[in-house]
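Chemist: Could you put together the complete structure from these sequences and hints?
Line by line, the protein sequences give chains A and B.
When the count follows numbering that gives the first Met the number 0, it moves up by one through the first sequence with no breaks and lands on 305 for the last residue.
When the count follows numbering that gives the first Met the number 0, it moves up by one through the second sequence with no breaks and lands on 266 for the last residue.
Don't take every hint at face value.
Stretches of chain A that chain B covers, calculated by requiring three or more beta carbons in the stretch to come under 8 Å of a beta carbon on chain B [what the hints assert, rightly or not]:
no., segment
1, 44-57
2, 63-70
3, 266-272
4, 288-295
Example chain B residues on the side facing chain A (calculated, C-beta under 7 Å, incomplete) [unchecked claim]:
no., residue
5, 47
6, 185
7, 186
8, 189
9, 222
10, 231
11, 233
12, 234
The hints are simulated quantities; they were obtained by calculation from the structure and are not laboratory data.
We put the beta carbon where it would ideally sit given N, CA and C, even for glycine.
This is what each chain is made of:
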Amino acid sequence: MSRPDLSVNLGQLRLPNPIMVASGTFGYGLEYERLVDLNQLGALVVRSLTLRPQVGNAPLRLAETPAGMLNAIGLQNEGVEAFILETLPRLRAYSVPLIVSIAGESPEEYAQVAERLQRTSGLAGLELNLACPSPSHRAFDTAPQLTAEVVRAVRQTTDLPLFAKLSANGGDLVPIAQSAVEAGADGLTLIHSVAGLAVNPHTRRFRLASRVGHLTGPAIKPIALCAVWQVRQALPEVPLIGVGGITSLDDVLEFLLVGATAVQVGTGNYLCATLSTDLVGALTDYLTQNEIGTVRELVGAVRDVM
Amino acid sequence: MASWELQAVVVEHRQRAPNQYELILHAPPIAQTAQPGQYVLVRPMETLAPLWRRPYSILRANPDKGVISIFYSVQSQFTELLSLKPLGSQMSVLGPLGHGFQREQGVQRHILVAGGFGAPPLSFFASRLVSALSPDEQILILAGARRRDLLVGLDEFRALGAEVRIATEDGSQGYAGRVTDLLSEALCEPLPSAVYACGPNRMLQMVCEICLVGRVPCQVSVETPMPCGVGACLGCAVKVRAPNGAIWYKRACTDGPVFRAEEVDWE
Ligand SMILES: Cc1cc2nc3c(=O)[nH]c(=O)nc-3n(C[C@H](O)[C@H](O)[C@H](O)COP(=O)(O)O)c2cc1C
Ligand code: FES
Chain A
0 MSRPDLSVNL GQLRLPNPIM VASGTFGYGL EYERLVDLNQ LGALVVRSLT
50 LRPQVGNAPL RLAETPAGML NAIGLQNEGV EAFILETLPR LRAYSVPLIV
100 SIAGESPEEY AQVAERLQRT SGLAGLELNL ACPSPSHRAF DTAPQLTAEV
150 VRAVRQTTDL PLFAKLSANG GDLVPIAQSA VEAGADGLTL IHSVAGLAVN
200 PHTRRFRLAS RVGHLTGPAI KPIALCAVWQ VRQALPEVPL IGVGGITSLD
250 DVLEFLLVGA TAVQVGTGNY LCATLSTDLV GALTDYLTQN EIGTVRELVG
300 AVRDVM
Chain B
0 MASWELQAVV VEHRQRAPNQ YELILHAPPI AQTAQPGQYV LVRPMETLAP
50 LWRRPYSILR ANPDKGVISI FYSVQSQFTE LLSLKPLGSQ MSVLGPLGHG
100 FQREQGVQRH ILVAGGFGAP PLSFFASRLV SALSPDEQIL ILAGARRRDL
150 LVGLDEFRAL GAEVRIATED GSQGYAGRVT DLLSEALCEP LPSAVYACGP
200 NRMLQMVCEI CLVGRVPCQV SVETPMPCGV GACLGCAVKV RAPNGAIWYK
250 RACTDGPVFR AEEVDWE
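Modeler: So, in C-alpha cells, the structure goes:
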C-alpha cells in the first residue's frame, strides 16, 4: 500500500499532519530544537504573546495532581515586538507551519497584537487564547458576548487563519463556540484547560501562589472530548482542534473520531520530549496497518455502542 | 550544551544506608558530558499518576564506563516505582540539564554546605574539585540534617580526604543545631573562602544571607518542580534581582539550578 495521506485542512490552512504542539507547553519551539525535529510537526503553536512583555506570576506556578497538573504561569512572555525581532527570525529556519497564540486584557489589545503579526511574514495562523481575564474579571471564554468582542476585533485586523481557543469553564460551550464562529473565527481549539485548585493539607497552604490555576493533562481528557463532540454536533462544518490530555496514539484517535480535524499535545510533552513527533509516526503506522488512505476518514467517524 | 533523551539501562540499586540508595544507570552520552550540579529528568514508569518526570541531581558520572548515578530514598509513589525498576530494565532519562557549580577562582577554601538530601550534587562537585585542587587549596564539607539518619554521603566526602563537619538539629550526631551555624563559624576563620550549597530552600536562603553579609562568593542549587527541563513551560520560576533592583523570573531548569547568591530574591 502507498503511504497514507496525513494532511488535513483547517479551513484554508493545510497542515502536513494533524499533530500540533499546544501553546505555552512548548515555549517558542526553539527550547526543544535539539531534542525534537520541529519540521515533523503538523504545526507549532508558540506560547501566548501579549502587547508588552509580561514577567509572569510569582512561584509556585505548578502543582502535580492525579493524572494532571495545575499551572499558573501568568502569561510570562517576551511581548510581540521582541518575538518578531528576535525569535521569529530563528523560527523561520524551520518549515513547520507556525501558529502564534495571542493573549490580552481587552479586545483592543488582542487586536493590536494581531495587527502587528499581520505585518510580518512566515505565519500560518493565529490562535486566540481566550482563557484570560477580561476587564470584568471573567475570562473572555466564559460568555458568548465577551468571546465575540475579541474575535471580531482581531478579525478586522488580519486575514490570517484564525482559531479561537476556549476552556470549558463557562457552562454550555456551544453558544460560546457559535459566537466565536459568527464573529469570524475560522476554527476552534478545544479545550484550553479546566479551572482547578490544590492545597497542601500538612502546611495548610494553597499549592499555587495564585491559588487557582489551569488544570491540564490526562485528567481533563474526557472533558475535552465531550467539548469537541458537543461543538461538532452543533457546528459540523467548523474545523476543530482537539486538545487535553493526549499522551498516546489512542488518545489522538479518540479526538479525531469525535470530530477533531487536528490535535495538540501539551502536558504530554513533559512525559517525553518527542511525544508529538512519535505520535506522527504512530499515526502513520496505524493508517498503513489498517489500510486507511487518509487520516481525514477518521474525523467524526465515531459509532454508537450498538 | 547538548542533552539527550534516551532509554537508560538500570545497572544497580546500591544501598548506601537504611532507605538510601544510589541508582546506577548506563547512559553513555550523559555520562560523558555531565558536569557537577547538572541534573537528569527520569521517568521510571508508564503511569499517568504519578505523571511528571522528576529531576535528580547527578551524584556521579563515569565517562569510561558510560554510567551515571542518582541518589534516592523511598518516600513517595514515584520513588517506590523507581526502587522497583529491575536490573537490566530501561527507563527514560533526559539530560544532562541545567547549569551546574563553577569553581570559584582565587580562594583557598571551598566550603560545600549540604543540607540532607542536597548532598549528591556537592559530592559530584567535590570529586571533580579534588582532582583540580592546587596545594594551597582545601575543601571543607559542612553536612547538616534534622537527624543523623537523614545525613547523606558522608563516607564519600571523607574518602576524598576533605574535612567534614556535621550538624544535626536534634543533636544525634555532631554539633547540635543548624548547619548554617557551622558556616558562620567557618567563615570567621581567616581563609579566603567560597561557598557552594544545596539543600532545602530555607537553608539556602540563610546561606545566601550569611555569604552576602560576609562578602563571600556563593552559589546555591535551588529546588523547584521541573516538568520540561528545557526552559519551555516556565513553571520553574525563580525570583531574581538585578543590581539595579529590577525583579523578574529566571528558569531553574536552564538558567539554574545553580544560581549566584546575589541573584536570588528570597523575599
Ligand atoms: C505550563 C503550561 C503553559 C500553558 N500556557 C498556555 C498559553 O500560553 N496559552 C494557551 O493558550 N494555553 C496554554 N496552556 C494550555 C495548553 O495549551 C493546553 O490547552 C492544555 O495544556 C491542555 O492540553 P494538555 O492536557 O495536553 O496539556 C498551557 C499549559 C501548560 C501546562
Ligand atoms: S521546567 Fe519547564 S521551564 Fe523550567
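Chemist: Quick check on the hint: residue 186/B CB to chain A CB, less than 7 Å?
Modeler: 29 Å, violated
Chemist: Against chain A, with CB atoms and a cut of 7 Å, does the hint on residue 222/B hold up?
Modeler: Residue 222/B check fails; min Cβ-Cβ to chain A is 11 Å, beyond 7 Å.
Chemist: Let's test the interface hint: is any C-beta of chain A closer than 7 Å to that of residue 233/B?
Modeler: Holds: closest Cβ of chain A sits about 5 Å from residue 233/B, inside 7 Å.
Chemist: Using the nearest Cβ pair, does residue 185/B come within less than 7 Å of chain A?
Modeler: Since the shortest Cβ distance to chain A is 31 Å, the answer is violated.
Chemist: Taking a Cβ-Cβ distance under 8 Å as contact, does the segment 266-272 of chain A have three or more residues in contact with chain B?
Modeler: holds (count 6)
Chemist: If you look at each residue in the segment 63-70 of chain A, do at least three have a Cβ nearer than 8 Å to any Cβ of chain B?
Modeler: Coverage by chain B holds here, the residue count being 6 at a Cβ distance below 8 Å.
Chemist: Residue 47/B was flagged as interface toward chain A. Is the shortest Cβ-Cβ separation under 7 Å?
Modeler: Since chain A brings a Cβ to about 4 Å from residue 47/B, closer than 7 Å, the hint holds.
Chemist: Checking C-beta pairs, does the segment 44-57 of chain A have three or more residues closer than 8 Å to chain B?
Modeler: With 5 residues in contact (Cβ-Cβ under 8 Å with chain B), the coverage given for the segment 44-57 of chain A holds.
Chemist: How about residue 231/B: closest beta carbon in chain A under 7 Å, or not?
Modeler: 3 Å, holds
Chemist: With a C-beta cutoff of 8 Å, work out whether three or more residues of the segment 288-295 of chain A approach chain B closely enough for the coverage to hold.
Modeler: Violated - the segment 288-295 of chain A has 0 residues with a Cβ nearer than 8 Å to chain B, which falls short of three.
Chemist: Please verify that hint: residue 234/B, Cβ, nearest Cβ of chain A, below 7 Å or not.
Modeler: 4 Å, holds
Chemist: Classify the hint on residue 189/B as holds or violated, based on whether any CB of chain A lies nearer than 7 Å to its CB.
Modeler: 38 Å, violated
Violated hints, in rising order: 4, 6, 7, 8, 9; the structure is consistent with all others.
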